[in-house]
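Visitor: Given next are the chains, with one letter for each unit.
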Amino acid sequence: MRLEVTGLSKEFRLRSGLFRHSSHLVAVSNVSFVVPESGSTAIVGETGSGKTTTARIVVGLETATRGTVAVDGTDLAPRPHSAERRRRARVMQMVFQNPMLSLDPHQPIGSAIKEVVVFHGLRSSSESPERVFELLAAVGLDRRLATSRPHQLSGGQCQRAAIARALAAEPELLVLDEPVSALDVSTQAQILNLLADLKAELGLSLLTISHDLALVRQLADYVLVMCRGEVVESGPVDDVLSRPQHEYTRRLVAAVPESMDDLAISTSMDGGRGTTNDV
Amino acid sequence: MTDVQADSPQTVARTGRTLTLDEVTTYLRVGRQLKPVILRVDLELRPGEILGLVGESGSGKSMTARTIAGVLPDGATTDGAIRLDDLDLLRMSRKERRAVQAKEIGVVFQDPRAFVDPLWRVEVHMTEAMRVHLGTSKSEATSRAVELLAAVGIDQPERRMHQFPDELSGGMLQRVMIAGALTMDPSVLLADEATTALDVTTQAEIVKLLARLSAERGLSVLFITHDLALADIVCDRVCVMYAGRIVEVREGRQIFDDPIHPYTIDLLAARPTIKRRIDRLPVIRGVPTSAMNAPSGCPFHPRCQFALEACTTGVPALVPVRGGFARCIRAHENLTGTPTPADAPLEGG
Amino acid sequence: MSAVTGDALIFERDTLARATGGRWEGLFNRIVVTISALVLGVIVICAIFAPWLAPHNPNTIHLLDPYANPSHRYLFGQDSAGRDILSRLIYGSRLSLLGPLIVVAIAFVAGVPLGFLAAYRGGFVDGLISRTFDVIFAFPALLLAIVIVATFGASFQTAVFAVAVTYVPLMGRVVRSAALVERSKPYVEECRLQGYGAFRILFVHVMPNIGRILVSQTTLYFAYGLLDLSALSFLGLGAQPPQIDWGEMLQDANSGVFQSPYGVIFPAVAIVALVVSLNFIADWALDYRIRKENRA
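Protein chains in written order, with the numbering used here: chain V, 1 to 279; chain C, 280 to 628; chain F, 629 to 924.
By construction, these hints were calculated from the structure, which means they are not laboratory data. A virtual CB, placed ideally from N, CA and C, is assigned to each residue, including glycine. The reader is advised that the hints may include incorrect statements.
To be verified - Label pairs and their in silico Cβ distance ranges:
1. C/426 x F/759: 47 to 55 Å
2. F/841 x C/574: 39 to 47 Å
3. V/127 x C/352: 29 to 37 Å
4. V/84 x C/426: 55 to 63 Å
5. V/250 x C/593: 47 to 55 Å
6. C/374 x F/660: 28 to 36 Å
7. C/435 x V/143: 58 to 66 Å
8. F/759 x V/84: 26 to 34 Å
9. V/137 x C/435: 38 to 46 Å
10. V/77 x C/530: 54 to 62 Å
11. C/602 x V/170: 50 to 58 Å
12. C/581 x V/130: 27 to 35 Å
Claimed, not checked - Sample of chain F residues facing chain V (criterion: CB under 7 Å; computed from the structure):
13. 813
14. 825
15. 833
16. 836
Chain V with its partners taken away, still in its complex shape (with noise of 0.2 Å):
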């Protein structure tokens, strides 16, 4: 499938004080960009950059104020109703950012990834156990662990598990919101190398959130850099990391621990005051 986001915008209005004076943040400006059938993009930003609204507008989490969202051409409908939502279900599924939060901490694992293949009628009940051992083991997680609830599991479990329920659903689109910045590193490479697998075997195409250039690199083909709201840079990902051209994408990559060859030289060079950043 191919995702097609165009324009979009997304403003807040903040109402302060008695008298309703009622300011805008703009959280989102004008972002448009292009998941082909099978592709890895990646956004990529800080706080306040407005990736993470952009990811929610485009599976429906907020609506935009401007601009659309396409799935093969076709427009999302920008407020959606339950029934709306389980089709769109089908076609794209988020993985969020903190594992443990994401599961219902009082349901099985098991029965999460059940009641969404029984939800969306691609098994029927008795058929479906059959299938929950297939999800978890295409996560590599053992069967035995579909009893256990999420405080029972480490974060890597609970991420796979939350990976196995997103692709219950037999969805085309994976949308990662952070998907490992909650993960000890050593379980970092193990969810990135399920990721790529799995895209590789399923065809799926994924739309990554992340404020790690390193992981990026590792996951996507296409990259946009955000910078409060706008797209300041975009294009292949070997470009963009390795000859960034706009000076706020330069920054970031200089800010990379990787890329900070000596501290002793850019302590003298900056004497750690603080930039425009900070306001």
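With chain V fixed as given, assemble chains C and F onto it according to the hints.
Guide: Then chains C and F, alone, in the frame of chain V:
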């Protein structure tokens, strides 16, 4: 400990103090049992040095910081010795220890917003400790606070004093935290994942700030992080912890270029890099373990690609190797990482 | 970005949470809760097995021995009409347990859906429900109950209904807050994304997660409902003779308190013991899941 002197700061504003941990073991009370979280940790933080403590879940790095700062839950006990120069904190009375910890040890945590009362203006946060512990007058405390805010790179410090935490960005708030930790003029600053919750550009600024403060004031910094690359560039020396023990100690920059311990080797190999895409990230099988759940023998052996039969009997000692230390019986062999089969095992964590 | 809760932090938080503080801390709690459970158990047994446990007929009058002190025959003494206090106490436990039970049932059945409706729909519906609750809250609960009873006539049933009305908004408000908290969590967003309907989200997902709070609140409302009902009976507005509940016993003993305090002491102690025990149990229930998780 290695006798190689790291580049010492030229002008030390004051005589710093050395913080030494000697065979420190901390136990937490779980139900009726005492379970260890860090085991026989030896550590020396020299005046003006930035020492990195790197580890993942269960490594004990945060517990070490908490032990030094004295913020452990009730029922926890600590064996060994924690010395500030000659003063053994663990042999002091609780009251004396608290006084020393308040004065000499500053702490900065990961998420400033979780540790700051949102109803307190910056000035209250900054002056509280001085006025309570040192009996400083309000005006004196305020001027010192303003001075410190400026020292950490905050512009318009007088104005900032009157602001509330939610009016400040994450980076700015963390600077305030650092300034706050310095009000008592401590000799040691514990930075526990102090930059983890910040944007990467802000993180870069904060670590530069810490380096500058350390150089200018002779402040020793214990820099705790999960990010090996960050520790590598920031710290004079780096300690890697696993399952509550120190498994490797290296001079700064060497840990990245020449890791000794299998865990460190694997950890470095498992990271994605901004420079290029790696076909399949090498994966350390299994999950990080904690001191209480560690197997007998070397705690890393079930996950180690170089493990031998001998690794299951007894914990290796920390031995000097190639200018550093490593807790591995094969440390003297020049082990280089061979990418492990990268499929996630069924019980992948 | 918001605070990154790493595996490491979660691990650390769990480790610290498992560290249960001093040796003796948990022990005191366990003793207290066990005693409370015993007290509750005894009272429930009295209620169920009253005919077998009570030594005498609770309504048999002996006008010649009003306010008699405890004796071999009448272990707790006799009340204003010479009836056996012990037997009345045992039989009284029936209505004293049944009343609050019905109050709580009504509060639950009406309050939970209203709370969910307010939390889930938000906007106008929430406003309507919350303001209605506020109006009811504006009246002192007991006063409102008295007004209702006065309007419809004094009886056990009206008293129960009246008190229930004052508890519905309490339950509703608690449920609304708890549901709102859950609603903002990612797992509920995920449910919405899947296209789950409101019913499924609320009853399959949200409700089990607020279960602890519900159980704890229900237990507390039982206790306070008992106090309110006893108060109404004490004022003569609740259980009417020959119905017996502890509040009614207090009403009866009130006039003769200087001749014999026993008529007041025993029902009062019974009420207090039950209310206190329920409070401890409610507290314990609130922490139940956390303890269970820690032991895992």
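Visitor: With reference to the structure, classify each hint as holding or not holding.
Guide: Going down the list of hints, with the structure as the test:
Checked against the hint of 47 to 55 Å, the pair residue 426 of chain C and residue 759 of chain F passes, with Cβ atoms roughly 53 Å apart. For the hinted restraint 39 to 47 Å between residue 841 of chain F and residue 574 of chain C, the CB-CB distance of approximately 40 Å keeps it satisfied. For residue 127 of chain V and residue 352 of chain C, the hinted distance range of 29 to 37 Å is not satisfied, since their beta carbons lie about 48 Å from each other. Between residue 84 of chain V and residue 426 of chain C the beta carbon distance is about 59 Å. The supplied range of 55 to 63 Å therefore holds.
The supplied range of 47 to 55 Å is met by residue 250 of chain V and residue 593 of chain C, whose beta-carbon atoms lie about 51 Å from each other. At roughly 32 Å, the beta carbons of residue 374 of chain C and residue 660 of chain F sit within the given window of 28 to 36 Å. For residue 435 of chain C and residue 143 of chain V, the hinted distance range of 58 to 66 Å is satisfied, since their beta carbons lie about 60 Å from each other. A hinted range of 26 to 34 Å holds for the C-beta pair residue 759 of chain F and residue 84 of chain V, which are about 32 Å apart.
For residue 137 of chain V and residue 435 of chain C, the Cβ-Cβ distance of about 58 Å falls outside the hinted range of 38 to 46 Å, so the restraint is violated. Separated by about 60 Å at the C-beta atoms, residue 77 of chain V and residue 530 of chain C satisfy the suggested range of 54 to 62 Å. Against the hinted window of 50 to 58 Å, the Cβ-Cβ separation of residue 602 of chain C and residue 170 of chain V comes to about 55 Å, which satisfies the hint. Under the hint 27 to 35 Å, the C-beta atoms of residue 581 of chain C and residue 130 of chain V, about 32 Å apart, fit the expected range.
Checking residue 813 of chain F against chain V by beta carbon gives a least distance of about 6 Å; that is within 7 Å, so the hint holds. With its C-beta approaching chain V no nearer than about 5 Å, residue 825 of chain F sits inside the 7 Å limit, and its interface hint holds. Here the hint on residue 833 of chain F is kept, as its CB sits about 5 Å from the closest CB of chain V, short of 7 Å. Interface restraint check for residue 836 of chain F: the shortest CB-CB distance to chain V comes to about 4 Å, inside 7 Å, so the restraint holds.
Checked against the numbered hints given earlier, the structure breaks hints 3, 9 and satisfies all the rest.
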